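Novice: Sequence:
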Amino acid sequence: MQRNAPRQKRPLFPRLATTTIGTVLVFGLAGCSMMLPTSPVNQPVGAPAPSPVESTPEPSVEPTTPVSPAPETSAPAVPPTTAPVPTPDANAPKPSTPPKSPTKPAPSPAPKPNTPAPAPKPNTPAPAPTTPAPAPKPTTPAPAPTTPAPEATTPAPKPTPTPAPKPTPAPKPTPSPEPTPAPKPTPTPTPTPAPEPTPTPEPTPEPTPTPTPEPTPAPTPTPTPAPKPPVDNTPAVLPLDIAGFYDTDSKGDKRELRNDLAGDIKGQVQFAQSHTVDPSGNAKLKMPTLVTNRAALLLFSPVGKAKSATVTAKLNGAEKVIQLAPPAEIPRSDMNISGNRPDVAYSSTAWTTELPWNLMQPGLELTFTTNEGTGVLGSDKIEFAAPAELIISSIELGMLTSYPTGSGHYMFNQPEKSGADYFQTIPVSKLTMAIYEPVKLDKVIVSSGVIYTDKSAVNGDVYSGDMRENVGKAQVSTGINLANFGTTSGPMDQKQPANFNQRIIHHSAGSYANGVHSHGLSGGNGMATLYDSVGNELSHELGHSYGLGHYPGTDNSKQGNDKVRWASHHADSGWGYIAYRDRMRSNLVADSGFDPNGLDLSAGRFTENYMGIYNFHRDTMSGGWGSSSLSRYTHVTGYSTEITQRSLKTLVPDVSYPSGYRDWDAKAGKYVDAKVKNPAFALPKPSKVGVPVFTLLGGYNPAKPEQTVLYPAFRSNYGNVFDLPQADTTSTDAARRCWVEVTFEDGRVQKNTLLANDGVKQFNINVAHSDRPTGASISCRANGETTKLGNSIEIATNLEPLRPAVVIGQDAGYEALRAVELPELEAKLKAVANKPVPVLDTNGMVLLESWKDDLSGLSPEAQAVAAKVQAQTAASASVDAFIELNKKELEAKDADTTAELAKLMTSLGLVESPTKVLPQGGRVLVNGGHCLVLGENLGVTVPGDKALCADTPNQRWFMDARGAIHNEERPDLCLTPGTPVSVSACSVTTASQVWIAEADGHIKAATWNYLDFHVHQQIAGMYGKTTGSNQIWKGLTQATNPALATLKASSIKTLYSLDFGK
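Just so you know, we're using the UniProt record's numbering here: the sequence shown kicks off at 1 and counts up by one.
Treat the hints as calculated values from the structure; they're not laboratory data.
Worth double-checking, as some hints may not be accurate.
Stated by the list, open to error - Listed next, the in silico SDA-like pairs over lysine to any residue satisfying Cα-Cα at most 25 Å (straight line): (1) Lys495 / Arg715; (2) Lys946 / Ala997; (3) Lys868 / Asn843.
From a predicted model like this one, the values you see are computed outputs, not experimental measurements.
Using the sequences and the hints given, assemble the complete structure.
Specialist: See below:
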């Protein structure tokens, strides 16, 4: 199945089930010195201190014509001292960063659409960010795109953390890039010193929730159709606790809808791809333009009230009528919200559908019809950019040492997942993810002609080393690009023409005079030298290759927010659309507390915010970081994405065109042969495109044969092959001729011409894997005499085929990702098949929600479990909807409405037992009778005085079917790991709220360590597993009501306020 056709929408506010449960859908489930992410929060107790590195900023690039990729940019930073910390699964929080508890007894109300919400009260967490020291301001223009930039020599100053009042939400740790093993983090002391051993978190490379413990009570009754609700069950507006982001402008005032239509009705039209954009005129707004041949979410906001809406899409004489989903069903955001703040949807007025990729072309006309009339968005009102295509290749490279490996090599290890994810952040229509086999080089040559076989003669570090420059960047990364452009040889200077959009990522390490060092945190000039191809490091360093500098758009001639507005997200910088999850990408900082002072952007602080409750994210080039619950890459600003879009080439190699290339004709709105568009076009014509290849790389000196090294053949699953010029090997004149001789299994021999002038050069040639080459050597000839240069290599012909390259977008859709994720979903469904209440973990629900439109790839057993899970979530959605629609009556404790709710829950099997709707918790005791207590300020403590323990609701706790632990007094809040532990609004999408209750009394966080009684602080915190009595917790009860695992937190709170005879 492809995610290209209009899809059934997941409602934010599901309709009530009236006949069959399965019809109800659920909402809520589901080279530079890189500026490392600096989350605007304080460091929590029990987590390692971050070491953010802010680099010397570069001027932003704002070309007026398409620009070539910027040179690789790198400036030294504070030398790293610990190994890179692997980034955990996108759907699970990092092990050392659990959010802390809120300080108010109730969640913040949703702001009214047209009224700014009040700022947090004094005792609500509002931490100041950890502020890096400002870097020098840009003073010089960006260097020319095809010439490598000299590296800066001034170290960036260490940022100085600014303390903020406690308690604060915990930040995500900043990885420190160094290949040596990292020491286990040591927690910061709590307010009173503890004589106990220091807790040591034990993070795993990619923590994922462990399956929840199996409940012991009887299975849940089979759900039956819900009774007809007493009120209208077709809401078309957002729930009251969800705000509409685009409803207000940068000042918090109501945003007036623009009219884009001609006809009876008026309405505003937007599209969402990598960003939400208007139909036309986006470049003037410093936003990207709609990408041709890429699926898009259509958002239509009619002026006035609409009871229904459709859109008729017309293209090339054909038309298609599509029903639009009402505003209540707009795809929900990817926000990972901390601090009991309200959820935010992109819009409260937009009717939506997804338009498939093959409709998104010049000439598209859209006709909108509501109960009030018809309006047309003409084809001349929709502006399209070229359907840019991008190829990213990854390699692990060891230079006189083993090649580096790690889970952070996301694009190398998991191209299907990383490719689909990164595709959502860039303005292209097709992304090809290729790999090279890992390579260890035992002999290397550098530009001086020196050949190393043991170690380099110079020192190396993250940003320096002759092998880093001459081997990793010049001969390998630039060489791979040149081989794909048809350039056989050249100086070892890293220059390359960037004929089309190809990027090379290398994870490299070398043996130097001062030891083995890995290289990273650098990008530009068609390549990136990375520790990890995940997180902001990847987004940032590839940003340099698109022509972006640091803090883009900073204007020191302006004051206040205007000075740094373009370096940050803001009210008009655009949300995104994660198409394969049918979720929208927020530009708000949701995973850490609101800071009214704004975020530091070097030249100033940016204080613009959303309704006084959310800050805006920094751009990837401004020290950004990822906070999405679904993506592992940074959401780039519209400003930077517009620059990126202009930098992308429109040329695409394609052997079906006479010249071997197609190019985009913007006036015609289609591809044409490159030579038709430009009669002077004369690039080498490929004979094969996108085929498995051997790439022959190395260095040679025609004047000194001993200064020649042919590396073992590099092997890739994607490359271009050319019919290269052949050398005259029989000449007798004095002119020197050089060539690479390639032999083949069938006896053929190629003699591919190389540059023959004096001096050390590099060679780069692709040979098709299917041609079965057997060996290669280099020779030169002058005055009738042939001289062999350096070594020869043999190429094996019996190698297993490499896994195929991954294609995302256009007609390929997300099929590659689906092929990987369906088996994962299968395993998760089978793991809960025998449980009375089959509840998937967070990642499992994301997978099920993503592919539920077509589960044909699952086994019958897994499909049956999926049906049970979907019925369960649909039933809970019915209860959520009933509570929302009857909110006033239930708050007034109306007896008839309460009885109707109880009847609905009973009919759906959402009860604790036939005579009891809700569970009762148990007293949780530790270390001889000390009790776990939820305090009045919602802090979690374990009093030292046992006399304070009593059988009261705030001391009773229960675990639900997914493994979340609730307090009976505030069952809408779930226990969350940290030191101290805290509570946060229960959410099925929050993996950190899942705990494992072991048989002996240990309680383990699914994403972290064990619950531990810190005796002297009188708190519960996290610690590695011990056998001490301060980790044996008794009395936790297991709830059997499946609703507690899937209902919204606000619904759970309402249920416990009613008299249900708990």
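Novice: If a hint holds in the structure, say so; if it does not, say that too.
Specialist: Structure-based check of each hint:
no.: 1; hint: Lys495 / Arg715; in the structure: holds (23 Å)
no.: 2; hint: Lys946 / Ala997; in the structure: holds (23 Å)
no.: 3; hint: Lys868 / Asn843; in the structure: holds (17 Å)
Checked against the numbered hints listed earlier, the structure breaks none of them; every hint is satisfied.
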